[in-house]
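Could you build the full structure based on these sequences and the hints that come with them?
In full-length UniProt numbering, the protein residues as written are 1 to 169.
Treat the hints as calculated values from the structure; they're not laboratory data. Treat the hints with care, since some could be wrong.
[To be verified] Derived DMTMM-like pairs: lysine to aspartate or glutamate, alpha-carbon spacing no greater than 25 Å straight-line:
#  : residue 1 : residue 2
1  : LYS65     : ASP122
2  : LYS51     : ASP74
3  : LYS77     : GLU45
4  : LYS51     : GLU154
5  : LYS77     : GLU154
6  : LYS65     : GLU145
7  : LYS51     : ASP147
8  : LYS110    : GLU56
9  : LYS62     : GLU154
10 : LYS119    : ASP27
11 : LYS127    : GLU56
[Unchecked claim] Per label pair, the in silico range of CB-to-CB distance:
#  : residue 1 : residue 2 : range
12 : TYR157    : GLY50     : 31 to 37 Å
13 : HIS41     : ASP147    : 18 to 24 Å
14 : HIS41     : ASN120    : 19 to 25 Å
15 : GLY117    : VAL150    : 15 to 21 Å
16 : LYS3      : ILE149    : 36 to 42 Å
17 : LEU29     : GLN55     : 17 to 23 Å
18 : SER7      : GLY54     : 32 to 38 Å
19 : ALA8      : LYS51     : 35 to 41 Å
20 : PRO6      : THR152    : 19 to 25 Å
21 : TYR157    : LYS51     : 29 to 35 Å
22 : SER7      : THR152    : 32 to 38 Å
Glycine included, every Cβ here is placed at the ideal spot set by N, Cα and C.
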Amino acid sequence: MSKVAPSARTWTLRFKNHTSTILLEVDPLQSLSDVRAELLHALVETSPGGKLNGQEIPQNAKHIKLGIANDRNDLSKGYSSVVGELEEASDTGKGKGKAPVGSAKADSLKDCPQGVGMKNGDVVAFKFVGNGGIADESTEDIIEEWDVIVPTIEDTYKEDDEGLAMDEG
Numbered sequence: 001m002s003k004v005a006p007s008a009r010t011w012t013l014r015f016k017n018h019t020s021t022i023l024l025e026v027d028p029l030q031s032l033s034d035v036r037a038e039l040l041h042a043l044v045e046t047s048p049g050g051k052l053n054g055q056e057i058p059q060n061a062k063h064i065k066l067g068i069a070n071d072r073n074d075l076s077k078g079y080s081s082v083v084g085e086l087e088e089a090s091d092t093g094k095g096k097g098k099a100p101v102g103s104a105k106a107d108s109l110k111d112c113p114q115g116v117g118m119k120n121g122d123v124v125a126f127k128f129v130g131n132g133g134i135a136d137e138s139t140e141d142i143i144e145e146w147d148v149i150v151p152t153i154e155d156t157y158k159e160d161d162e163g164l165a166m167d168e169g
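Rendered as structure tokens:
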């Protein structure tokens, strides 16, 4: 795993699970497997008990699933799995025929934050999947659930913090 040094070229992504947010500096063309490995490293370093929000942190970065917001301006509209897009792209190359020269480059561009549609400052949902994730893939019609809670202004600033009432001042 190579750590990305912050520069003008790197992006800051906000990885969310439940109410936890982890900020990571990533290269826009870094492979998603490296991004998952960095996220796993950050989770292990910051959670000495081996749990995050009551869930066991996996030992392997392959058990971390990423999701991008359906609408980056309204996170309540849910998230779409990044892995699903990559699997669709890799399934088209099956067979005995020789692959076109440009397809390897196109696949590698799809396997990076920029290639899957992420932008600097985006919220990326993540969750842990077990070894039994195969049954998950067969249910395409079921909407995937992501445990992400984004606080609202009302949650952050309760009524007690509104200041002086008009008749008090």
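Hints and how they fare:
no.	hint	result
1	LYS65 to ASP122	holds, 16 Å
2	LYS51 to ASP74	violated, 29 Å
3	LYS77 to GLU45	violated, 31 Å
4	LYS51 to GLU154	violated, 29 Å
5	LYS77 to GLU154	holds, 19 Å
6	LYS65 to GLU145	holds, 12 Å
7	LYS51 to ASP147	holds, 15 Å
8	LYS110 to GLU56	violated, 29 Å
9	LYS62 to GLU154	violated, 37 Å
10	LYS119 to ASP27	holds, 11 Å
11	LYS127 to GLU56	holds, 11 Å
12	TYR157 to GLY50: 31 to 37 Å	holds, 34 Å
13	HIS41 to ASP147: 18 to 24 Å	holds, 21 Å
14	HIS41 to ASN120: 19 to 25 Å	holds, 21 Å
15	GLY117 to VAL150: 15 to 21 Å	holds, 19 Å
16	LYS3 to ILE149: 36 to 42 Å	violated, 29 Å
17	LEU29 to GLN55: 17 to 23 Å	violated, 30 Å
18	SER7 to GLY54: 32 to 38 Å	holds, 36 Å
19	ALA8 to LYS51: 35 to 41 Å	holds, 36 Å
20	PRO6 to THR152: 19 to 25 Å	violated, 30 Å
21	TYR157 to LYS51: 29 to 35 Å	holds, 30 Å
22	SER7 to THR152: 32 to 38 Å	holds, 34 Å
Hint compliance for this structure: hints 2, 3, 4, 8, 9, 16, 17 and 20 are broken, all remaining hints hold.
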